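Participant: With these hints in hand, go ahead and build the complete structure from the sequences.
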Amino acid sequence: MIESQKIRIESLGAYLPEQVLTMEDLLASCRRRPPWDLERITGIRERRVAVGEYAVDLAVQAARRALELSRYKASDLDAVICTSISKHNREDEFHFEPATAGRVAREIGAVAARVFDVVNACAGMLTGIYILQGLIRAGEARRGMVVSGEHNMPISRTATRELRHRFDGQMAALTLGDGGAAVIVDASPDPASGFHHLDLVTGARHDHYCYSRPSRRGPGGILITKARSFQRKGNAHFPAYFKEILDRTGWTLDDLDHIIPHQVSVKAVINGVKAVARYYGCPLPPCTRVSADLYANTTTTSHFLALHRFILDGTVAAGDNVLLVSGASGIVIAHATYTFDDLPDRYRGRWASGGAA
Amino acid sequence: MKRGVYIAGLGASLPGFRLLRRGSVARAVEAGRRCLADAGRRPAEVGVLIHAGVTRDYHVCEPANAAYIQHGLGINVEFHGARTLSFDLGNGGCGMLDAAHVLCALLQEGTLRAGMITASEGNADPRAKGDRPCPDSGAAILLELSPRPGIGFGSFAFHTRGEYADMVKTVVSLAEARGRLKAHRDPGLEERWLEMAGSVIDEVLARDGITRGQIDRVIPAQISAGFLARLPGAVGIPAERIADFSGTLPYTLSTSVFLALHRERELCPRFVGRTVLLLAFGSGLTAAAATYRYAHGDMIADKREKEIAVNTREKRKLL
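From first to last, the protein sequence lines stand for chains A and B. Its first residue numbered 1, the first sequence is counted upward by one per residue in the working numbering. Its first residue numbered 358, the second sequence is counted upward by one per residue in the working numbering.
Please keep in mind that the hints were generated in silico from the structure rather than gathered at the bench. Some hints here could point you the wrong way.
With a straight-line Cα cutoff of 16 Å, these simulated EDC-like cross-link-like pairs (lysine to aspartate or glutamate) come out [unchecked claim]:
{"no.": "1", "chain 1": "A", "residue 1": "233", "chain 2": "B", "residue 2": "435"}
{"no.": "2", "chain 1": "B", "residue 1": "526", "chain 2": "A", "residue 2": "92"}
{"no.": "3", "chain 1": "A", "residue 1": "243", "chain 2": "A", "residue 2": "255"}
{"no.": "4", "chain 1": "B", "residue 1": "663", "chain 2": "B", "residue 2": "623"}
{"no.": "5", "chain 1": "B", "residue 1": "539", "chain 2": "B", "residue 2": "523"}
{"no.": "6", "chain 1": "B", "residue 1": "539", "chain 2": "A", "residue 2": "93"}
{"no.": "7", "chain 1": "B", "residue 1": "526", "chain 2": "B", "residue 2": "543"}
{"no.": "8", "chain 1": "B", "residue 1": "486", "chain 2": "A", "residue 2": "93"}
{"no.": "9", "chain 1": "B", "residue 1": "539", "chain 2": "A", "residue 2": "91"}
{"no.": "10", "chain 1": "B", "residue 1": "486", "chain 2": "B", "residue 2": "533"}
{"no.": "11", "chain 1": "B", "residue 1": "539", "chain 2": "B", "residue 2": "488"}
{"no.": "12", "chain 1": "A", "residue 1": "267", "chain 2": "A", "residue 2": "293"}
{"no.": "13", "chain 1": "B", "residue 1": "486", "chain 2": "B", "residue 2": "414"}
{"no.": "14", "chain 1": "A", "residue 1": "267", "chain 2": "A", "residue 2": "37"}
{"no.": "15", "chain 1": "A", "residue 1": "243", "chain 2": "A", "residue 2": "199"}
{"no.": "16", "chain 1": "B", "residue 1": "526", "chain 2": "A", "residue 2": "93"}
{"no.": "17", "chain 1": "B", "residue 1": "660", "chain 2": "B", "residue 2": "623"}
{"no.": "18", "chain 1": "B", "residue 1": "539", "chain 2": "A", "residue 2": "92"}
{"no.": "19", "chain 1": "A", "residue 1": "73", "chain 2": "A", "residue 2": "107"}
{"no.": "20", "chain 1": "B", "residue 1": "660", "chain 2": "B", "residue 2": "621"}
{"no.": "21", "chain 1": "A", "residue 1": "267", "chain 2": "A", "residue 2": "39"}
Derived coverage of chain A by chain B (criterion: at least 3 residues anywhere in the stretch with Cβ under 8 Å from a Cβ of chain B; other residues may be distant) [stated by the list, open to error]:
{"no.": "22", "stretch": "78-87"}
{"no.": "23", "stretch": "107-121"}
{"no.": "24", "stretch": "127-139"}
{"no.": "25", "stretch": "200-209"}
{"no.": "26", "stretch": "215-225"}
In this text, all values refer to a predicted model and were calculated from it rather than measured experimentally. C-beta: ideal position from N, C-alpha, C; glycine also.
Facilitator: What follows is the structure, encoded as C-alpha cells:
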C-alpha cells in the first residue's frame with residue numbers, strides 16, 4: 001500500500017435507542033433542580049436513553065447496521081477497535097478488561113479480526129480511525145471497524161442525585177445522551193475521496209478540565225467538567241489547527257460543504273464557530289451541522305450520529321467536502337478533512353424509509 | 358521495502374512497596390523517565406504516547422491515562438511547538454504488544470520520529486477497596502525507525518478465543534462509593550493460555566519465515582512458576598531458552614513482558630545476532646507474539662557491546 005493512499009469510510013452504522021428523555025424531564029428528576037434554564041443555555045431539547053441495553057449492546061447494534069450496508073462480511077474484517085468511554089457493560093459495572101471490542105467482534109462474527117479498545121475521551125472514534133489508517137497504510141490490515149457504544153445516562157442519573165449547587169461540576173453530565181456508532185474503514189479506491197488529512201494533538205497540560213470516575217459520595221459514576229474554562233482553552237487553540245488542516249488539504253472556507261463538530265451542546269458549537277470566525281476575521285459559511293438539540297452529547301459517537309441525521313435528511317450528499325472537528329478531555333483537539341464517495345446515497349437508500357434510529 | 362522499528366529505550370518501575378509516587382500514573386511516569394534516559398532522548402521528541410495499562414488511579418475512565426502520563430513526563434504539553442498525540446489502548450495483558458504493533462505501523466508512515474508505549478498497574482487512591490489483580494508496576498519502551506534493515510521488530514501475531522472471554526475479568530463495581538475493583542481469574546485459565554501459545558508462535562514464525570530453532574530466547578509474560586514450567590512442553594522450545602524470572606518477578610499483568618525483557622537485558626551477556634520472541638497472554642482470551650532481532654546498529658545491543666569491549670580492555674590491563 002502506498003504511504004499517502006487515502007482511507008475512506010466504506011460503511012456507517014448508527015444506533016439510537018427508542019426512548020426519548022427531554023431536558024425538562026431530566027431536570028424534573030433532579031433532587032435539587034438547577035436554577036438554570038439548561039435547555040435555553042445548551043440548546044439540548046432531548047436525548048435518547050438506553051433501557052435494558054448497555055454500552056456494548058449499543059456498539060453491537062451499530063456494528064450490525066454498518067455491516068448491513070457494507071460490501072464486506074464480518075469475517076472479512078481484519079480489526080475491530082472499540083472506543084467507548086462509558087464501558088457500562090452491565091448494571092453498575094465499569095469494565096477494564098476483557099476488551100469490549102472482543103465482545104463486539106464475537107457478537108457480529110468477526111472471527112478473524114484483531115480486537116482491542118482505545119480510549120481517548122470524545123475523540124475516541126477519530127483516534128480509532130487514525131490507528132486503522134496507520135495499520136492499512138503499513139499493510140497490516142486491509143479493512144477494519146471502529147465502533148463505539150456510549151451508555152452515558154447512568155452518569156446523568158448520578159448527577160440528578162448529587163447536584164448540590166448552581167455551579168456544581170457535574171452540571172455538564174445533564175447534557176449527555178446514549179447512542180452507538182460504527183464505521184468500516186478501508187483503502188479508498190478513488191484518490192479524490194476519503195480522508196485527506198487526519199490530525200490529532202493532545203495538550204496534556206489541560207488534562208484537569210474534564211474527568212470521569214466513580215462518585216465519592218455514593219454509587220454511580222460521575223463526570224466533572226469545568227465547562228467554561230474548557231471551552232475557553234479549546235477555543236483559544238483549535239482555530240489555528242482548523243486553518244492548518246484546511247491549508248494542508250488545499251481547501252478554503254468556501255470549499256467546505258459541512259463542518260461537523262463534536263456535539264457538546266448547541267451553545268458550545270456556536271461559540272466554537274465564533275472563535276474560528278474571529279481567527280479568520282470573517283464569518284464562516286453557514287454549513288455547521290448540529291445534532292445536539294435532539295441527541296445531546298453522545299461523546300465518542302457524536303460525529304457519526306450527526307452524519308446519520310444529516311445524510312438521512314439529504315443535507316449531506318455524495319461528493320461533499322466535510323471537516324470533522326473534535327475537542328475532547330485531555331485536552332485533545334482533532335480535525336479531519338473528508339470527501340464523501342457514494343456512501344450518503346447508499347445510506348439513504350438503505351435507511352431512509354426503515355429508520356436506523 | 359518497509360523500514361523496521363526498534364526499541365531505542367526501555368524503562369521499568371519494578372514491583373515493590375512505595376510510600377510516595379504510588380499508582381498507575383506515577384509508575385508509568387517513572388518508567389517513562391527511565392526509558393527516555395536510557396534512549397538519550399528528550400521528551401519533546403516523542404510524537405505519540407500510547408498507554409496500555411489495565412487499572413487506573415481512582416478508576417478514572419476519562420481522559421485517557423496517557424494524557425496524565427504525557428503531562429507527568431512533560432512531553433509537548435502545550436498546543437504550540439512540537440506536537441504529541443496520546444491515547445490509551447486496552448487489551449489486558451497483551452496491550453503493550455498491541456500498542457507496539459500499532460506504533461510500528463504509525464512510525465512506518467514516516468511522519469513520526471519516535472513514539473513511546475507505557476503500561477502500568479496500580480491505584481493511587483489510598484482508600485481503594487477490592488481485589489488487586491497484580492502488584493503495582495510500570496514499564497515503558499521508546500520506539501524509533503531502525504537505522505538499517507534487519508534490526509528490531511519482525512512480525513506480530515494475535516490470537517483471540519472469544520469463547521473463553523469470561524475467564525478473565527477486571528471490573529469496577531459502581532454499586533458503592535469510590536467504586537470497588539473486582540478481578541476474576543478462572544482456575545483453568547493457564548491451561549487455555551498454554552493451548553493458545555503454540556498456534557500463535559506458529560503464526561508469527563511462519564510470517565517471519567523462521568523456525569523455532571532460530572529463536573534464541575523467548576520472553577514470556579511471567580504468569581506463574583507453574584505456567585512457565587509447562588510452557589516449554591506446550592510450545593516445543595527447550596526450557597533453557599525460555600526466560601523464567603518467576604522467582605523474583607511477580608506477574609504484573611500489562612507490564613509483565615517488558616519487565617521480563619528489562620530483567621533479561623540486565624542478565625544477558627550479549628545481544629548482537631540474537632532473535633527474541635516476546636510472548637504475552639491476556640483477557641479475551643488473547644495470546645500475542647512478536648519477534649525481535651538484535652543486531653549492530655540497535656542501541657541496546659551496541660551499548661552492551663561497548664560494555665563488553667570496555668570490560669575486556671580493563672581485564673587485559675589488569676592482567
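Participant: Take the hints in turn and mark each one as holding or not.
Facilitator: Evaluated hints:
no.: 1; hint: 233/A / 435/B; in the structure: holds, 11 Å
no.: 2; hint: 526/B / 92/A; in the structure: holds, 15 Å
no.: 3; hint: 243/A / 255/A; in the structure: holds, 13 Å
no.: 4; hint: 663/B / 623/B; in the structure: holds, 15 Å
no.: 5; hint: 539/B / 523/B; in the structure: holds, 13 Å
no.: 6; hint: 539/B / 93/A; in the structure: holds, 10 Å
no.: 7; hint: 526/B / 543/B; in the structure: holds, 9 Å
no.: 8; hint: 486/B / 93/A; in the structure: holds, 15 Å
no.: 9; hint: 539/B / 91/A; in the structure: holds, 14 Å
no.: 10; hint: 486/B / 533/B; in the structure: holds, 10 Å
no.: 11; hint: 539/B / 488/B; in the structure: holds, 5 Å
no.: 12; hint: 267/A / 293/A; in the structure: holds, 10 Å
no.: 13; hint: 486/B / 414/B; in the structure: holds, 12 Å
no.: 14; hint: 267/A / 37/A; in the structure: holds, 13 Å
no.: 15; hint: 243/A / 199/A; in the structure: holds, 12 Å
no.: 16; hint: 526/B / 93/A; in the structure: holds, 11 Å
no.: 17; hint: 660/B / 623/B; in the structure: holds, 12 Å
no.: 18; hint: 539/B / 92/A; in the structure: holds, 12 Å
no.: 19; hint: 73/A / 107/A; in the structure: holds, 13 Å
no.: 20; hint: 660/B / 621/B; in the structure: holds, 15 Å
no.: 21; hint: 267/A / 39/A; in the structure: holds, 10 Å
no.: 22; hint: 78-87; in the structure: holds (count 3)
no.: 23; hint: 107-121; in the structure: holds (count 8)
no.: 24; hint: 127-139; in the structure: holds (count 8)
no.: 25; hint: 200-209; in the structure: holds (count 7)
no.: 26; hint: 215-225; in the structure: holds (count 8)
Comparing the model with each numbered hint stated earlier shows that all of them hold.
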